[in-house]
Amino acid sequence: MEVILVSKNIIQLLMTRKKSVCNDIIFKAIFDKHSEAIRNFIYYKCGNMEQAEDITQDAYVQLWKNCKKVVFEKAKSYVMKVAQNAYYNEVDHQKVILKYEQSVVVNEKNDKSPEFLMEQKEFIIKLQQSIADLPTKQREVFLLSRKDKKTYKEIAEIIGLTQKAVERRMHLALMELREKIGEVI
Amino acid sequence: MKKFDYKDDFLAKWAGGSLSDKEKEDFMKTNDYKYFKAILDGTNQLQIPAYDKSVNYSSVRKKISKEKKKAPLLLKWTYTVAASIALLIGIGYLFNQTINYKTGYGELMSIKLPDSSEVILNSKSKIEYEKKKWKEKRTLTLDGEAYFKVNKGSLFTVDTDNGSVTVLGTKFTINSGPDIFEIVCYEGKVNVKTANSSKIIAKGEAMRIVNNTIENWDLKQHAPSWLQNESSFISAPLSQVINALERQYNLRINSESIDTSLRFTGGFTHYDMKTALSIVFNSMGIKFTFDNERTIYLSKK
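Chains as they are written, first to last, in the numbering used here: chain A, 1 to 185; chain Y, 1 to 301.
It cannot be assumed that every hint is accurate.
Said to hold, decoys possible - Residues on chain A that point at chain Y, a partial pick, calculated with CB under 8 Å: (1) Ser35; (2) Phe123; (3) Ile158; (4) Arg168; (5) His171; (6) Arg178.
Unchecked claim - Each computed DSSO-like pair below joins lysine-lysine, with the alpha-carbon atoms no more than 30 Å apart: (7) Y/Lys131 <-> A/Lys126; (8) A/Lys137 <-> Y/Lys53; (9) A/Lys150 <-> Y/Lys132; (10) A/Lys180 <-> Y/Lys133; (11) A/Lys121 <-> Y/Lys133; (12) Y/Lys34 <-> A/Lys147; (13) Y/Lys7 <-> A/Lys126; (14) Y/Lys24 <-> A/Lys150; (15) Y/Lys189 <-> A/Lys164.
These are calculated hints, taken from the structure and not from any lab test. All of these numbers come straight from a predicted model, not from anything done at the bench. Built from N, CA and C at the ideal position, the CB exists for glycine as well.
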C-alpha cells in the first residue's frame, strides 16, 4: 500500500513539473477555472462590471507575458494579485448594486398574499441598498461568502488575512446590515 | 434596538453553519433571528450579472496578440508620443467619468446619489450623471420613469429629451419617453421646463404633456403606486398604458388597429401578466390575442 502511494506522489510531482503556464491549453484551463471568481471579487469591490472584466482580462494578459516566471501552482494567486493591484491603482469606486428580478420571486411564491409580496419587495430593495452601503472590506467578505459560496478559509487566502479576521468581518457585515435594515419586516 | 452581545464571530459561524445545536437553538429564540435569516434569504435572491467565459477569453487573446504585434515595430520617440496621448485621454476620462444605472424588464433599482439623495428606477429606465461635476452641480439625465427623493441643497436638475425639471429638495416622479412626459409631485415644489413652457408643480399636483397640450390633475397618493407593484393611471392616453405594460412584462404590443388616444383610468398589477392585460383591455372593449409568447395583437371587440 505504502509503495503505491509513494509512486503516485512521484508521478504527480513529475507531471506538475512539466506544467508550464506557457501552453495554450493550460493557460485556458487556468482562465476557465478562476477568471469568474476574480471578476466577481473585483466587482464586489468597485461595483462596475465593465471595469471588473477589463481588469481581469488584463491580469491574464500579464500572466501570459510572464508565463515563464510564474509556476503553475502560483498562477491563480499571481492573477489575483495583479488584478487587486490594478483595482487599487486605477479604479474609481461605484456602488455595488446587485440586481433583483422580481419575476423569479413571484413565480416561486404564488401562494403568498399581495401584502406579503409587497413587504418582501420593499425589504429586498432596502437590502440591495444596504449591501451597497457596506464598507468595501465587509462587502467583499459578505458577497464572496454568500454569492460565491466560498468558505471563510478560501476567502482568507484570497484577501490575505487570517480566517479569524475574515469571520470577524463577516460578523460585522451582518451586524451592519441588520442595523441598516431596521424594523422593516 | 437591543444590542447583540454575542462573540465577535458568532454570526459568521451561524451563517457558515458551524454553530452547535444548542447555540443555534438559543439564537433562534432571540428577537433578531428572523431579521438575520431574512438578510441571508434576501441575499440569495439578488443576482450577479451573468459571466460569459468565452467572450472574456477571446478578449484576453485579442489583447495578447495586440501586444505582440506592436512591440518591435515602434521607435522610441513613438512611445513617448503614444504615452502622452494615452495620458491625455486618461486624464480626460477621469474628469468626465459618466456613471449610469439601467433597469431591465420588470426590474426596480434603488440608487443612492453622492449627496445621498435617492432614486428608484422603474423598469426599462436609465439615469446617467457625471461624477466629477456632481459637487458643483446636481444634474442627471433620465430616460424612462423614476421616483426621486432629493435632499435639500443646491439646485437639482433632471434633464430628459422632453424637457428639464429643477428642484431644491423634494419627492417627485418623472416619466419621460418618446410619447410621454409626466411629472408628479409628492412633496415640495418642482419647476418643469420644456422647449416652449415653464411651469411650477406643487405638492399633490401632477402634469403631463400629450400632443403638445398640458394636462393637470391632483392626486391622493403619497408615493407612486409602482413602488408597490402596481401601475396606476388617471385618464392617461392608452399609448402610455401600453408602454408601461410592455416595460413591465417584456412584451411587444401591436396597437395599429385601435385608437390609442383613448383615455384609461385605473391600474394593473405587476404580479400576473394575464390579469393585468385583462384589466386594461377588457375595460376598454379591446380584444388581445397572443401572436407568440411575447407579442400581442390588439383589435376592437
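So, going through the hints one by one against the coordinates:
For A/Ser35, the shortest C-beta to C-beta distance to chain Y is roughly 6 Å, which falls under 8 Å, so the interface hint holds. Here the hint on A/Phe123 is kept, as its CB sits about 6 Å from the closest CB of chain Y, short of 8 Å. Because the smallest distance between the Cβ of A/Ile158 and any Cβ of chain Y comes to about 16 Å, over 8 Å, the interface hint for this residue is violated. For A/Arg168, the interface hint holds, since its Cβ comes within 8 Å of a Cβ in chain Y; the closest pair sits about 5 Å apart.
Against a cut-off of 8 Å between C-beta atoms, the interface hint on A/His171 holds, since the closest Cβ of chain Y lies about 4 Å away. The beta carbon of A/Arg178 comes within 6 Å of a beta carbon in chain Y, closer than 8 Å, and the hint placing it at the interface holds. Restraint check for Y/Lys131 and A/Lys126: the C-alpha separation of about 24 Å stays at or below 30 Å, so the hint holds. Proximity of A/Lys137 to Y/Lys53 is assessed by CA-CA distance (about 27 Å); at most 30 Å being required, the pair is judged to hold.
At roughly 36 Å between alpha-carbon atoms, A/Lys150 and Y/Lys132 are farther apart than 30 Å, so this suggested pair is violated. Our distance criterion of 30 Å between C-alpha atoms is met by A/Lys180 and Y/Lys133, whose separation comes to about 29 Å. Of the supplied pair hints, the one linking A/Lys121 and Y/Lys133 is violated, its CA atoms being roughly 33 Å apart against a limit of 30 Å. Between Y/Lys34 and A/Lys147 the alpha-carbon distance is near 20 Å, which keeps this suggested pair within the 30 Å criterion.
A threshold of 30 Å between alpha carbons decides the hint, and for Y/Lys7 with A/Lys126 the separation of about 27 Å falls inside it, so the pair holds. A C-alpha spacing of about 22 Å is found between Y/Lys24 and A/Lys150, which places the hinted pair at or below 30 Å, so the restraint holds. Between Y/Lys189 and A/Lys164, the direct Cα distance comes to roughly 52 Å. Violation of the 30 Å bound is thereby established for this hinted pair.
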